[in-house]
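Colleague: Dock chain Y against the given chain S, drawing on the hints supplied.
As they're listed, the protein sequences go chains S and Y.
Just so we're aligned: the first sequence equals residues 1 to 361 in my numbering.
Just so we're aligned: the second sequence equals residues 1 to 361 in my numbering.
Derived by calculation from the structure, the hints in this document are not laboratory data.
Just so we're clear, the structure is a prediction, and the values are computed from it rather than from any experiment.
It cannot be assumed that every hint is accurate.
All copies of an identical chain are treated as equivalent in the list; a pair is satisfied when it fits inside any one copy or across any two copies.
[To be verified] Heads up, simulated EDC-like pairs for lysine to aspartate or glutamate below, C-alpha to C-alpha not over 16 Å straight-line: (1) 26 to 286; (2) 279 to 349; (3) 20 to 345; (4) 235 to 287; (5) 276 to 21; (6) 331 to 275; (7) 235 to 4; (8) 331 to 61; (9) 26 to 59; (10) 20 to 59; (11) 241 to 11; (12) 331 to 118; (13) 323 to 353.
Here is how the chains run, residue by residue.
Number of protein chains: 2
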Amino acid sequence: MSWEDKIRKVEPYVAGEQPKEKNIIKLNTNECPYPPAPGVEEAVRQLAGDSSALRLYPDMDATPLVNALAAQYKVDPDQIFVGVGSDDVLALCFLTFFSAGSREQPLLFPDITYSFYDVWANLYRIPFRQVPLREDFSINPDDYLPAVTGQENCGIIFPNPNAPTGLELPQADVEKIIAGNPDSIVIVDEAYVDFGARTALPLLEKYDNLLVVQTFSKSRAMAGARVGFAIGSKKLIGYLKDVKFSFNSYTMNLPSIRIGTASARDAAWFEETTEKIIKTRERFKEDLRALGFVFPDSKSNFVFAKHPDFSGAHLQAALRARKIIVRRFNKPFICDYLRITIGTDEQMEKVVEALREILGK
Amino acid sequence: MSWEDKIRKVEPYVAGEQPKEKNIIKLNTNECPYPPAPGVEEAVRQLAGDSSALRLYPDMDATPLVNALAAQYKVDPDQIFVGVGSDDVLALCFLTFFSAGSREQPLLFPDITYSFYDVWANLYRIPFRQVPLREDFSINPDDYLPAVTGQENCGIIFPNPNAPTGLELPQADVEKIIAGNPDSIVIVDEAYVDFGARTALPLLEKYDNLLVVQTFSKSRAMAGARVGFAIGSKKLIGYLKDVKFSFNSYTMNLPSIRIGTASARDAAWFEETTEKIIKTRERFKEDLRALGFVFPDSKSNFVFAKHPDFSGAHLQAALRARKIIVRRFNKPFICDYLRITIGTDEQMEKVVEALREILGK
Numbered sequence: 001m002s003w004e005d006k007i008r009k010v011e012p013y014v015a016g017e018q019p020k021e022k023n024i025i026k027l028n029t030n031e032c033p034y035p036p037a038p039g040v041e042e043a044v045r046q047l048a049g050d051s052s053a054l055r056l057y058p059d060m061d062a063t064p065l066v067n068a069l070a071a072q073y074k075v076d077p078d079q080i081f082v083g084v085g086s087d088d089v090l091a092l093c094f095l096t097f098f099s100a101g102s103r104e105q106p107l108l109f110p111d112i113t114y115s116f117y118d119v120w121a122n123l124y125r126i127p128f129r130q131v132p133l134r135e136d137f138s139i140n141p142d143d144y145l146p147a148v149t150g151q152e153n154c155g156i157i158f159p160n161p162n163a164p165t166g167l168e169l170p171q172a173d174v175e176k177i178i179a180g181n182p183d184s185i186v187i188v189d190e191a192y193v194d195f196g197a198r199t200a201l202p203l204l205e206k207y208d209n210l211l212v213v214q215t216f217s218k219s220r221a222m223a224g225a226r227v228g229f230a231i232g233s234k235k236l237i238g239y240l241k242d243v244k245f246s247f248n249s250y251t252m253n254l255p256s257i258r259i260g261t262a263s264a265r266d267a268a269w270f271e272e273t274t275e276k277i278i279k280t281r282e283r284f285k286e287d288l289r290a291l292g293f294v295f296p297d298s299k300s301n302f303v304f305a306k307h308p309d310f311s312g313a314h315l316q317a318a319l320r321a322r323k324i325i326v327r328r329f330n331k332p333f334i335c336d337y338l339r340i341t342i343g344t345d346e347q348m349e350k351v352v353e354a355l356r357e358i359l360g361k
Numbered sequence: 001m002s003w004e005d006k007i008r009k010v011e012p013y014v015a016g017e018q019p020k021e022k023n024i025i026k027l028n029t030n031e032c033p034y035p036p037a038p039g040v041e042e043a044v045r046q047l048a049g050d051s052s053a054l055r056l057y058p059d060m061d062a063t064p065l066v067n068a069l070a071a072q073y074k075v076d077p078d079q080i081f082v083g084v085g086s087d088d089v090l091a092l093c094f095l096t097f098f099s100a101g102s103r104e105q106p107l108l109f110p111d112i113t114y115s116f117y118d119v120w121a122n123l124y125r126i127p128f129r130q131v132p133l134r135e136d137f138s139i140n141p142d143d144y145l146p147a148v149t150g151q152e153n154c155g156i157i158f159p160n161p162n163a164p165t166g167l168e169l170p171q172a173d174v175e176k177i178i179a180g181n182p183d184s185i186v187i188v189d190e191a192y193v194d195f196g197a198r199t200a201l202p203l204l205e206k207y208d209n210l211l212v213v214q215t216f217s218k219s220r221a222m223a224g225a226r227v228g229f230a231i232g233s234k235k236l237i238g239y240l241k242d243v244k245f246s247f248n249s250y251t252m253n254l255p256s257i258r259i260g261t262a263s264a265r266d267a268a269w270f271e272e273t274t275e276k277i278i279k280t281r282e283r284f285k286e287d288l289r290a291l292g293f294v295f296p297d298s299k300s301n302f303v304f305a306k307h308p309d310f311s312g313a314h315l316q317a318a319l320r321a322r323k324i325i326v327r328r329f330n331k332p333f334i335c336d337y338l339r340i341t342i343g344t345d346e347q348m349e350k351v352v353e354a355l356r357e358i359l360g361k
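Extracted from the complex, chain S is given alone in its bound form (with noise of 0.2 Å):
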């Protein structure tokens, strides 16, 4: 038996595009087409004058960060976590919360969703079962329901807005679900919720099983910084950071401490970015809607959009040829929607003038 039968293998994952031209229009990967917040130059400046700081390994607790955090959402530090993006927070929680429970209870999401949480129940071997959304790629909160499936579940995670629809579950599903899962841990990963979704934060003061995650790569601007956290009652964080701090104490750097706080303490910024990218949906919805295009109606900084006459194979080449670069799955029900992220206004104006093009109007 050589060391090559020994090891694991996997199939590579392949990532969006992360063009190395110019003067592409990169709307492939829902990344904010703005400036982070002015504070975070300000804080980058000031580490290169205190760069002796680096030798020192980061404080583990993220100290500023969380309370800047705790400030910005009304809540204990001991309620937060900080991860490096929340990629990393949500594996954390999977490992955490779902990989210890029984073999019988599977893991619970949707069938179409972020691409993420099936192999994280594949690295931790936790038993899971994808289910199906509506024809109208809405979750039915009735089918997360054990008192109505009959069948219990060893935890719930669904992104909301969802992924890669866009689409919003209202507040009162949402809460169905959690209060229908006292004897699981409900994750709500809200990437996206900053475009104009109801956060359910507010659900935190009835529900201990309800786990919030949000990251600063979309609405702060932040991607390359890699700061994701999480919000939950103080026992949940309490479990999260014990198994956190038992193999591997210092994930996140200096730099991502100094200007995610910088970030965080920024509420005006973030409210004027994130109202300028809402607008700007909505300006292109109507413009895709003119176009024939049909889409579910997205709270989140992208749309995710077919048109009947066109493969989405054909309008994403077509639009990659004029410089545009947007994302598609090459999967059953959405092979032929495109998932176009929200950039500036000019950005979107020159897509649909692309698509006009391209779609002969």
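Modeller: Chain Y only, in chain S's frame:
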């Protein structure tokens, strides 16, 4: 069954103290006493002028950093994998190389060694055997050879120099272990190699089952940046990347890529700084010896020492009372040893002075 019965619970790790008091001599976590290479400050300054770059996801291959390391270590860029500190790299190695083997073949590592190996083995359900060191804390290579022990293994890992002893395993013995295990991956964890020990890197030309892991946290004075790396055959590195990208594509952030690159390019600073620390260490050893301490001959940036007449607990507390923090592990065989990081000459003189006072000499 409540949600609390379903989740993973662990003993939280207790890290070395990170004091908030002023005027502390902090010699407990093997940090570098000098600031990072001057290019690091410059790279941070440039990032301040270019902070809108933070809105994009970072280059998931960390190309400039990988290229700078490849040039520095004279290997192909495809032979390098970078991660968020060497803990991140090592944990991923455990997952990739050791977690898919047979339950009958344990992972082998020393019984006195880096404290995270058994944690990661437990995390990924890897069977392991902790091989006793010799009385003098040295590794006996024969204990790792299936031809000698009659026991197959799923892999081998050891630090060189070993932690927390600081003792170097001679190159011939390292090679004996690698050559005697052609069907297993052998990881040499070289976190402390840059302070006078010999690296296993030249052995890469002869063995495709060798992986060398190093870090920016000690010899490059960048514990706060969280940068570690592995060097191995293209094949091994390829498997590591496949697993990494399959479940978390973006972990190293833009600041780390930029400042890591700047550091990796400065060979002169690196040599000068490590030589300074080696000189201070050798002087400190003489002083310790004169005070009656015994210790393995450290080739790292710390000394692991005990005094025949005083308990480790007493010495540690007495130093702490004098605002000097050192590390001690409350474990069999080593509980009377202090692990003292090498600081500046001035700091080490103060330690010697304090010890003289404590010992009444």
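Colleague: Taking the hints in turn, state whether each one holds.
Modeller: We went through each hint and held it up to the structure:
1. In this assembly of identical chains, the alpha carbons of residue 26 and residue 286 never lie at most 16 Å apart, being 21 Å within a copy and 61 Å across copies at closest.
2. Within a single copy, residue 279 and residue 349 get their C-alpha atoms as close as 13 Å, which meets the 16 Å cut-off; across copies the closest is 64 Å, which misses it.
3. When the C-alpha separation of residue 20 and residue 345 is checked against a cutoff of 16 Å, the pair qualifies neither within a copy, at 23 Å, nor between copies, at 48 Å.
4. Within a single copy, residue 235 and residue 287 get their C-alpha atoms no closer than 47 Å, and across copies no closer than 49 Å, so neither meets the 16 Å cut-off.
5. Proximity of residue 276 and residue 21 under a CA criterion of 16 Å is satisfied in neither setting, with 27 Å inside one chain copy and 45 Å between copies.
6. Taking the shortest alpha-carbon separations for residue 331 and residue 275, neither the intra-copy value of 32 Å nor the inter-copy value of 57 Å comes in at or below 16 Å.
7. Taking identical chains as interchangeable, the C-alpha atoms of residue 235 and residue 4 lie at most 16 Å apart only when they sit on different chains, with a minimum of 10 Å there against 42 Å within one chain.
8. Taking the shortest alpha-carbon separations for residue 331 and residue 61, neither the intra-copy value of 40 Å nor the inter-copy value of 26 Å comes in at or below 16 Å.
9. Taking the shortest alpha-carbon separations for residue 26 and residue 59, only the inter-copy value of 15 Å comes in at or below 16 Å, while the best intra-copy value is 35 Å.
10. When the C-alpha separation of residue 20 and residue 59 is checked against a cutoff of 16 Å, the pair qualifies only between copies, where the shortest distance is 10 Å, while the shortest distance within a copy is 35 Å.
11. Taking CA atoms no more than 16 Å apart as the test, residue 241 paired with residue 11 passes between copies only; the shortest distance there is 11 Å, against 30 Å inside one copy.
12. For the identical chains of this complex, residue 331 and residue 118 are intra-copy neighbours only, at 14 Å inside a copy versus 40 Å across copies, given an alpha-carbon limit of 16 Å.
13. Taking the closest pair of Cα atoms, residue 323 and residue 353 come within 16 Å of each other only inside a single copy of the chain (13 Å); across copies the shortest separation is 68 Å, beyond that limit.
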